[in-house]
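Asks: Read off the chains here:
Number of protein chains: 4
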Amino acid sequence: MSVRAAVLNGFEQPLLLETFPEPGQLAPGEVLVSVDIAGICGTDVHLWLGQLRIPLPNILGHETAGRIERMGSEPLLDWRGTPLQVGDRVTWASSISCGECYYCRMKKQPTRCLTRKAYGISYCSSDAPHLRGGYAEKILLRAGTAIFRIPDSVSSESLIGAGCALTTAIHASERAPLEWGDTVIVQGTGPVGLAAVVVAKAAGASKIVAIGGPKHRLDLALGFGASAVIDIAELPTAEARQQAALEVVGPHGADQVIECVGHPDAVNEGIVLCRDGGQFVVLGQYADAGNIPFNPHTITRKQLRVIGSWGFEPRHVDRAIRLLENEPGLRAKFEAGITHKFPLGQAAEALDTARRWAGGKTVILPNAEETAN
Amino acid sequence: MSVRAAVLNGFEQPLLLETFPEPGQLAPGEVLVSVDIAGICGTDVHLWLGQLRIPLPNILGHETAGRIERMGSEPLLDWRGTPLQVGDRVTWASSISCGECYYCRMKKQPTRCLTRKAYGISYCSSDAPHLRGGYAEKILLRAGTAIFRIPDSVSSESLIGAGCALTTAIHASERAPLEWGDTVIVQGTGPVGLAAVVVAKAAGASKIVAIGGPKHRLDLALGFGASAVIDIAELPTAEARQQAALEVVGPHGADQVIECVGHPDAVNEGIVLCRDGGQFVVLGQYADAGNIPFNPHTITRKQLRVIGSWGFEPRHVDRAIRLLENEPGLRAKFEAGITHKFPLGQAAEALDTARRWAGGKTVILPNAEETAN
Amino acid sequence: MSVRAAVLNGFEQPLLLETFPEPGQLAPGEVLVSVDIAGICGTDVHLWLGQLRIPLPNILGHETAGRIERMGSEPLLDWRGTPLQVGDRVTWASSISCGECYYCRMKKQPTRCLTRKAYGISYCSSDAPHLRGGYAEKILLRAGTAIFRIPDSVSSESLIGAGCALTTAIHASERAPLEWGDTVIVQGTGPVGLAAVVVAKAAGASKIVAIGGPKHRLDLALGFGASAVIDIAELPTAEARQQAALEVVGPHGADQVIECVGHPDAVNEGIVLCRDGGQFVVLGQYADAGNIPFNPHTITRKQLRVIGSWGFEPRHVDRAIRLLENEPGLRAKFEAGITHKFPLGQAAEALDTARRWAGGKTVILPNAEETAN
Amino acid sequence: MSVRAAVLNGFEQPLLLETFPEPGQLAPGEVLVSVDIAGICGTDVHLWLGQLRIPLPNILGHETAGRIERMGSEPLLDWRGTPLQVGDRVTWASSISCGECYYCRMKKQPTRCLTRKAYGISYCSSDAPHLRGGYAEKILLRAGTAIFRIPDSVSSESLIGAGCALTTAIHASERAPLEWGDTVIVQGTGPVGLAAVVVAKAAGASKIVAIGGPKHRLDLALGFGASAVIDIAELPTAEARQQAALEVVGPHGADQVIECVGHPDAVNEGIVLCRDGGQFVVLGQYADAGNIPFNPHTITRKQLRVIGSWGFEPRHVDRAIRLLENEPGLRAKFEAGITHKFPLGQAAEALDTARRWAGGKTVILPNAEETAN
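Chains as they are written, first to last, in this note's numbering: chain R, 16 to 388; chain C, 16 to 388; chain D, 16 to 388; chain H, 16 to 388.
Heads up, a few of these hints could be off.
A pair counts as met if it fits within one copy or between any two copies, since identical chains are not told apart.
As the list claims (entries may be wrong) - In silico SDA-like pairs for lysine to any residue, Cα to Cα no more than 20 Å straight-line: (1) K123 / C113; (2) K123 / V60; (3) K123 / A191; (4) K132 / C113; (5) K122 / R95; (6) K122 / W195; (7) K122 / E262; (8) K216 / E115; (9) K132 / R316; (10) K132 / A259; (11) K216 / E194.
Source of the hints: derived by calculation from the structure; they are not laboratory data.
All chains, please: the whole structure from these sequences, using the hints.
Replies: Quick look at the structure:
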């Protein structure tokens, strides 16, 4: 018996379908999951293009939901303490932190764990047990993975439609908490930007301005709770965007600006949009895109807080699930946001679709009939 | 009857002694103070050199203590509610915020008040009532000034020896609170850097490394509570300093790094010294010294908090006085830190001494006999 | 020319309509307002019954909106900096804090100001200028009152329908901030309890259980965002209510419990409903209703935070107005919540209606034709 | 080969010396420690007297330091990541939290862990492997124990002299952080009260008043940093104590009052000592000593925060060790605070000495020659 997976063998090369041996006897705590749906994250595109250092060959896919096929030991509890059973629909935090290092233990910053490893990113698929990414029929979860049983009311589509963008935005919101009634400007309407709108709304922002594009992304932002949107195609200069944004949040700037663009130039524009004494959240700079000219005098004079946030912890997955559980409308929007579905055999096309930013969310359905899309 | 003051008539030109009319009948809330001691702040040097925009002519001096000569109304209370009397030894917050604008009222950031004015900085001495700076025999305080009666145990020398550097450091500590036991690296051993050491010590830092020079400033840092000092003359490269600093605070970097240098390059060095998830306080960038190349990816990846702090509020003066009141040793150190005293007639020399960074603190004693120093 | 007002001359006695002289020349900062609507707050009933110490005779009414008739000086700005004009529709913070005492200045707790005075509560109507309460055709606002120009989109009915309960709940939420996604139990469905539901919802609570009654109040709670309600008539024992509440928030209790009942027994019940390490907000104990038996061991062992909050500050009025401005649905609900309207001449009946807890909010329309209700 | 331990077989009965089999092959992560010194905590007296529920028979002792004799696996790291070796001098957090339950994981309150077990408290000594308390020649630490290698500069005497009172006070300080310069009143001068003085001093309190007795405890409080002490024998009424305390901290009360008495009546006295808007920390109510009459109106009107804190986490042990490492003077004081040392054979006398509150700290030296004291 064997398991099929889409493998990245070389940067910018098409993913290839390969087969791996079905895992044998599982060790205690290990869980074998049959993958229902694997989201394609913007990071996957970066990984594919070789913009971040990862081992090759590699089975990508770190936004995944599926069903438990086998467990290495029982009873096994999910992260919330719910007993797991074969057949349960589950998702999991993509990274495992050690829980023991300086950052995990003393500084409570597990996202900076010194030995953190992420499914779909950090594992070489030529090393046994191979199946450590979501673009595959099955994935083998290590003992210690933060697994979450998905509530019946939450569809896997809504969860993967939200993706790791939502958990990332939730973590950022925790690091830079809004005061209730704060005004917020979100720079960027990619997945993280939209998720930042969702979270700012849920956390009590009074006004939310989303700056980005193209138009269908701005419509999504409005649907997710933005008070106003600014189309960078219509207002191509920072000055014009500033003027439009301040008309909504007031002349002094926003209480919080959340950068979700990724291009480093957005940082200087964002700082201008922020009121004195406000918070500027640098959330989009996941990849090292180089230097910008920057004037640190601004930090002192505007009396700013500039806050970084990296990835997320299991409890942010917990919150994402709870948010979806509580808000049916949100689930429907994230489900509807999935515009492209591919079978595993077309993983390369799926990645290319995501790269071309063609629509909404692209996903792979590894165990669906090869007639999808 | 007339009042003598040292006036800045043109940038980089020597201060000139001029006489102004003694104020007549005071309005309610106004207080006329006979100046005992006026500190020369590093900012005064910047002002003298024309590096910040101020009106001319100008009576400099924003670190001042003196005795009440007349009051426009009685009873008048000091900021803490203590009744003031003629003859009382007093100091005051150098700036007056309006208390009513967006920043004062709604955002509680009075240091960013839209109409804030500072004695010794914002007033043109050719406009009546002229006497709005400390380099003068007398200063006329506006109604609404946050005046503090100085406790008997606190000498005016210790207070002006500490200067506005101490209140500035206290404000920064409030904006970026230490967790008890945190490790701290202070970049710079000018007045603000030394004050940052004092405050970090008082606020419970477990290790404090001061990076700066020259040697006599490092000795002061040790006296004020630094666990270790790094001489930039001995370790001229950022790499060497980093290695030395991390030996004290641990290999991951300090929990908090406080930039008190003013040169923008210190910012990139400071961020490297900060542990992931730590706080980087940008406190020294009071003047606009231009751009640096900066990589915002660092903020996201290191999950930092970068915190600016501007000036101080009256309550920070209150705290500074209380700190000196509680710690006799600290008073003695700040008193001893005054190495140069000049009569008013030598205000130009005083400013030049401060500019040459010749020793410790330089002060003017406007009402002392012309034989000082 | 004279001004009519309803005056409380003796506790438990009917309010009597009296006339007072129209104020003459206004002092700078004073504002004379023609009252459109004055809410009857539960506190007014307590005042009427003599349960709180106030001077008599007294014009009650501390929830008021009206139109500016005259101003003692111009330009006069409202609290947000908007210029005020005759005819503007306004409301104001009912209390004036001194801004200078120990609590106002040093501890930033102006609700504990040592000389705080409230319209409709602290002023004797036999002392000139008499008109210091809302149950009157006109009210004379002192200089220094935090006046707010009401945005066009916000009806005075919605604002007074929300009343000081909303600002009180907003202050409490500031003192005991929710973490986004927290579960909340609100004890009591009087005006403060309902407002606590509104604020918890706006601040990002994931589940809100309201415990109270009667049924029409519980329906309001559901309309305002409660996830579930518990009728104390149906579940008369604390044990039954606890079981029902924990079914919603989970077996360990709620992250935050907000006591809005007023009866001291609610405190012990609320502490039981709170999870270990959670927050218990004591918001309803405005009147001194005496002792309860209490076991302080619970505080230590459950590792609780028990948080008190008293009244509100002008910025909470600001937030209340912004909240209403942003949420049309909320405005409609508060407007609909006004079930009884009385002319000034029937102020005694109005108070009695509020005392009997007959319906929703009761208001007085002092300048309406005497045919109201 | 066998191991001797002092066993509590019945409440209020003398501890009896018994022998247990030397543990055999250790499991991975287990550590066998030869006990150098075991502190007698006030809780041990409560346990002895049967005031808390524990299994019998029981080897008491949860404040312990010793040397590693054997390890079940290598390399084994201490909590800070330092490799452990046979012969290392170590201490450890007395409790093990599961890390997986609702409180450990989701609420980050591991002191409220649902399955927490403490050495010297929760284990029945008749169950193998028996050696789970500090009053013994050896103690067998479970895998997962938070072990700390003690730095060479920190004597075991200073660490056990400080005891779990210090870590308890550190946890409380984390839950109720002082603002720098706050005034503090500590109620009680038992071990926890003295530790609260130490921590308040280290955390930046400006004034610390300790209320307690007898005189030698008050002298210790002064030595540890109290600004003033109040002897309950000299001022037997709450009113007199209040007057004396407010003379030091100011007429409005202290910013923070820390109850470390244990008698529930201290709670009402402490609340009176607290300024409006201040923090009241209920730290001493570890045992359930019953109800007091309590008026919850005070919480609302004084706008208080009442904060409980239970036990401590491993990171508080880390901080305690760092505090001692940084302050030689503190080490000397805690060493000098040990006034009674007993061999293991006199454990019953040791416990009785502690119960009689005869002097300072009492300790057992299980492996010392039987000639101690």
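Asks: Tell me, please, which holds for K132 and C113 at an alpha-carbon limit of 20 Å: within, between, both or neither?
Replies: within (9 Å within a copy, 23 Å between copies)
Asks: 20 Å Cα cut-off: does K122 pair with W195 within a copy, between copies, both or neither?
Replies: Classified as between; 13 Å across copies, 27 Å inside a copy.
Asks: Please work out whether the CA atoms of K123 and C113 approach to 20 Å or closer within one copy, between two copies, in both situations, or in neither?
Replies: Close inside one copy (12 Å) and across copies (17 Å); limit 20 Å.
Asks: State whether the alpha carbon distance between K132 and A259 is at most 20 Å within one copy, between copies, both, or neither.
Replies: Neither: 42 Å inside a chain and 31 Å across chains, both beyond 20 Å.
Asks: Checking an output row: K123 and V60, CA cutoff 20 Å. Within, between, both or neither?
Replies: Answer is neither: 30 Å inside a copy and 35 Å across each miss the 20 Å cutoff.
Asks: At most 20 Å between CA atoms: does that hold for K122 and E262 within a copy, between copies, both, or neither?
Replies: Intra 40 Å, inter 19 Å, cutoff 20 Å: inter-copy only.
Asks: Go through the copies and call it for K132 and R316: within, between, both or neither, with a Cα cutoff of 20 Å.
Replies: between (40 Å within a copy, 15 Å between copies)
Asks: Classify it for me, K216 with E115: is the Cα-Cα distance of at most 20 Å met within a copy, between copies, both or neither?
Replies: neither (35 Å within a copy, 29 Å between copies)
Asks: Are the CA atoms of K123 and A191 at most 20 Å apart within a copy, between copies, both, or neither?
Replies: both (16 Å within a copy, 18 Å between copies)
Asks: Is it within a copy, between copies, both, or neither that the alpha carbon of K122 lies no farther than 20 Å from that of R95?
Replies: between (23 Å within a copy, 11 Å between copies)
Asks: Cα distance capped at 20 Å. Does K216 pair with E194 within a copy, between copies, both, or neither?
Replies: both (12 Å within a copy, 14 Å between copies)
Of the hints listed earlier, those the structure fails to meet are numbers 2, 8, 10, in rising order.
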